[in-house]
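Just need the whole structure built from these sequences, with the hints factored in.
For any residue, its number in the numbering used here is found by taking its place in the sequence shown, counting from 1, and adding 139.
Misleading hints may appear alongside valid ones.
To be verified - Straight line, CA to CA, 27 Å or less: simulated BS3-like cross-link-like pairs of lysine-lysine: (1) 452 / 418; (2) 444 / 292; (3) 383 / 334; (4) 297 / 408; (5) 383 / 333; (6) 306 / 292; (7) 186 / 452.
As the list claims (entries may be wrong) - Cβ pair distances, simulated, as ranges: (8) 348 / 192: 17 to 25 Å; (9) 291 / 225: 28 to 36 Å; (10) 442 / 219: 32 to 40 Å; (11) 425 / 228: 42 to 50 Å; (12) 309 / 396: 43 to 51 Å; (13) 356 / 312: 35 to 43 Å; (14) 425 / 348: 21 to 29 Å; (15) 460 / 179: 18 to 26 Å; (16) 165 / 306: 39 to 47 Å; (17) 396 / 215: 14 to 22 Å; (18) 179 / 449: 17 to 25 Å.
Hints were generated in silico from the structure; no laboratory data involved. Using N, Cα and C, we set each Cβ at its ideal position, and we do this for glycine too.
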Amino acid sequence: MSEFLNYFNTFETDIPIVVFLMLFSCGIAIFHTVILSGILSLKLRPKWLFFALNPTLIGCTYLIFHHGYALLTFTILFLSVFVLGLIAMIISTIRDNRKKVHYPQKNPKPLWKKIWIGTAAIVFIIVFFLSGPYAILIIIVSGIVLEMLPSSKNRFLKYQAILPTSKIRSAAMGLIEIEGTAISKTPLESRILKKACIGYKYVIEDITKDKDGDYNYSEVFSETICERFYIRDTTGQIEVNPEKIEFIWMPLDEQYSSGSNRYSQYLLKENDEVLIIGKASLEGNTPIIEHENIKDVFGITLQEKINHYNTYKPLLNSFFYFTAVFALFMALLLIMPITIKEGIVTIEVSSNMFNWNDFFSNFKPF
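Here it is as structure tokens:
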């Protein structure tokens, strides 16, 4: 421990380096805010607390204590992200496993989907291990591609960001967004415990245990069952045809484990305050909301969930961009030749840094 502190005692930190550390600590503040507010649902007052606190700690440490301790403070802030992330993961796991009941049933995932996912995973692992220092670049590109892949939720969030919220009485035909109260038309009983609801999503997951004793869950079956219902606001109500509807971020109602499976249930209940995006059309002479076939979007979520997402979306975007830039910077440092001589760090940049012939030569058969 003494040797660790002696390193920072002997480390001379210039003002430009301190300014850089203070600016970089704002990036760390994004992680702190996302973990505490987004994952642990803690209410930070003010919301920009860590964006002021982190640089202030580094600056005060530099002015009050030894100059080298500014780097120590930055290191502690950086490591605290991993500690908070681990704590958040543990707390989230405890929350998810609080409710347990018994209901044995399983429907397997289609064989073709298992084969496709397994093949893709094997190819990715082979490319990853044969790519050498380019592996980090592959991870970054893969993460960006996965984030951009079309899905029901991504399309829902895309149109939620650009569509104005319409009142039912003045809603035009076509793709619309409506906020209101869910009103049951035909009673429905949930899959687990036969609870009264408008609709439910039922999910079965396989449970596996890795060598470290941690449990992993992979979805093998999912179904969404929903009866016709109404959305009511201050101007009127409109019927919803739930065929192909997607439940987005519906709250977990019941969850239990039995054998090697975990069973989860998510409910849409009477009087839930919801936001729905779909196509307004006519069924006979009656307006309804249904699936939009051309844009392939039809989803419903709770208003509180989407409001929470919209509040932290700018922060999440900053988090994503900062992480991508930082990871790309670290990947380039690993690829570029670095030499240290007489305390001077030299980074060499050449036109041969990205030699794709060398990269693809790793994949030639032996």
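Each hint tested on the structure:
A threshold of 27 Å between alpha carbons decides the hint, and for residue 452 with residue 418 the separation of about 25 Å falls inside it, so the pair holds. Taking the CA atoms of residue 444 and residue 292, the gap is about 13 Å. The hint holds against a cut of 27 Å. The straight-line distance between the Cα atoms of residue 383 and residue 334 is roughly 22 Å, inside the 27 Å bound, and the hint therefore holds. With a C-alpha separation of about 25 Å, the suggested pair residue 297 and residue 408 falls inside the 27 Å cut-off, and the hint holds.
At most 27 Å may separate the alpha-carbon atoms for a hinted pair to count; residue 383 and residue 333 meet this at roughly 22 Å. Straight-line distance between C-alpha atoms of residue 306 and residue 292 comes to about 23 Å, which keeps the hinted pair within the 27 Å bound. About 13 Å separates the Cα atoms of residue 186 and residue 452, which keeps this hinted pair within 27 Å; it holds. Under the hint 17 to 25 Å, the C-beta atoms of residue 348 and residue 192, about 39 Å apart, miss the expected range.
The given range of 28 to 36 Å is respected by residue 291 and residue 225, whose C-beta atoms sit roughly 31 Å from each other. About 34 Å separates the C-beta atoms of residue 442 and residue 219, a value consistent with the hinted range of 32 to 40 Å. With their beta carbons about 48 Å apart, residue 425 and residue 228 fall inside the hinted range of 42 to 50 Å. Distance hint for residue 309 and residue 396: a CB-CB separation of about 48 Å, consistent with the stated range 43 to 51 Å.
For the pair residue 356 and residue 312, the beta carbons lie near 42 Å from each other, so the given range of 35 to 43 Å is met. The hinted range of 21 to 29 Å is not satisfied by residue 425 and residue 348, whose Cβ atoms lie roughly 53 Å apart. Residue 460 and residue 179 have their C-beta atoms about 23 Å apart, which keeps the hinted 18 to 26 Å range intact. Hint check: residue 165 to residue 306, Cβ distance near 41 Å, so the stated range 39 to 47 Å holds.
The supplied range of 14 to 22 Å is broken by residue 396 and residue 215, whose beta-carbon atoms lie about 38 Å from each other. Distance hint check for residue 179 and residue 449: the Cβ-Cβ separation is about 19 Å, which falls inside the suggested range of 17 to 25 Å.
In summary, the structure is inconsistent with hints 8, 14, 17 from the numbered list given earlier, while agreeing with the others.
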